[in-house]
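Could you build the full structure based on these sequences and the hints that come with them?
Given next are the chains, with one letter for each unit.
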Amino acid sequence: SQQGEEDPQALSIQEGENATMNCSYKTSINNLQWYRQNSGRGLVHLILIRSNEREKHSGRLRVTLDTSKKSSSLLITASRAADTASYFCATDASQGAQKLVFGQGTRLTINP
Amino acid sequence: NAGVTQTPKFQVLKTGQSMTLQCAQDMNHNSMYWYRQDPGMGLRLIYYSASEGTTDKGEVPNGYNVSRLNKREFSLRLESAAPSQTSVYFCASSGWAGIGGYTFGSGTRLTVV
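Chains A and B supply the protein sequences, listed in that same order. So the first sequence is numbered by this note's numbering: it starts at 1 and just counts up by one. So the second sequence is numbered by this note's numbering: it starts at 1 and just counts up by one.
Any given hint could turn out to be false.
In silico DSSO-like pairs for lysine-lysine, Cα to Cα no more than 30 angstroms straight-line [claimed, not checked]:
#1 K57/B to K71/B
#2 K14/B to K57/B
#3 K56/A to K26/A
#4 K70/A to K57/B
#5 K57/B to K26/A
#6 K69/A to K26/A
What the hints contain is simulated information worked out from the structure, not anything from laboratory work. Keep in mind that this is a model prediction, so the values were computed, not measured.
Dropping the structure here:
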């Protein structure tokens, strides 16, 4: 079963615009992570936010976490063509060994 | 610094054949994982190994077996391949408490005909 649900499933914007993707989940979590996957490649870790954090930044990425609403958002500012990829949220709700449960992803296309 | 290496990158099997997917990491991570990715389904956990000497089932373990050969290597075996196992398989590893997230391999694209 999928813990995280991303919204929208697909997003197409112009280069330079900001892109926002949302993730909702069902159970209490230890942390939530965002990953990027370029076509035909493995996933790359972008950012991790812990359950006691509300916002985190990394370069052009901003992640928020609202544990009361069980939701997170990923904002990519000043988008570039190289940001075209699928983005996945993943939640860790495990006791003991970390086990991530991934959502179905958002397909982001940046148009030049 | 290779990270996580998976072999092979591509494989075509006939129904009923067996094969082993290999995974090795050089990051000194304790935990390793096998996921499968199907269109529109995201990634689903098949098996994981929290530490050397331990393995546990994930969400979709049926039809698979694993071996944590040592701290570096974690293999996935299909004993009798079925068309439903056609997928892209990813191996990943993580350090203590998942700090730094998972590091993924580049995947194995498996087709069972």
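Hints and how they fare:
1. For the hint pairing K57/B with K71/B, the CA-to-CA distance comes to about 18 angstroms; that is within 30 angstroms, so the pair holds.
2. For the suggested pair K14/B and K57/B, the alpha carbons sit about 25 angstroms apart, so the restraint of at most 30 angstroms is met.
3. Taken as a hint, the K56/A and K26/A pair is honoured in the structure, with Cα atoms around 21 angstroms apart against an allowance of 30 angstroms.
4. A distance of roughly 26 angstroms separates the Cα atoms of K70/A and K57/B; the hinted pair therefore holds under the 30 angstroms criterion.
5. Straight-line distance between C-alpha atoms of K57/B and K26/A comes to about 21 angstroms, which keeps the hinted pair within the 30 angstroms bound.
6. Of the pairs offered as hints, the one joining K69/A and K26/A holds, with about 9 angstroms between alpha carbons and a cut-off of 30 angstroms not exceeded.
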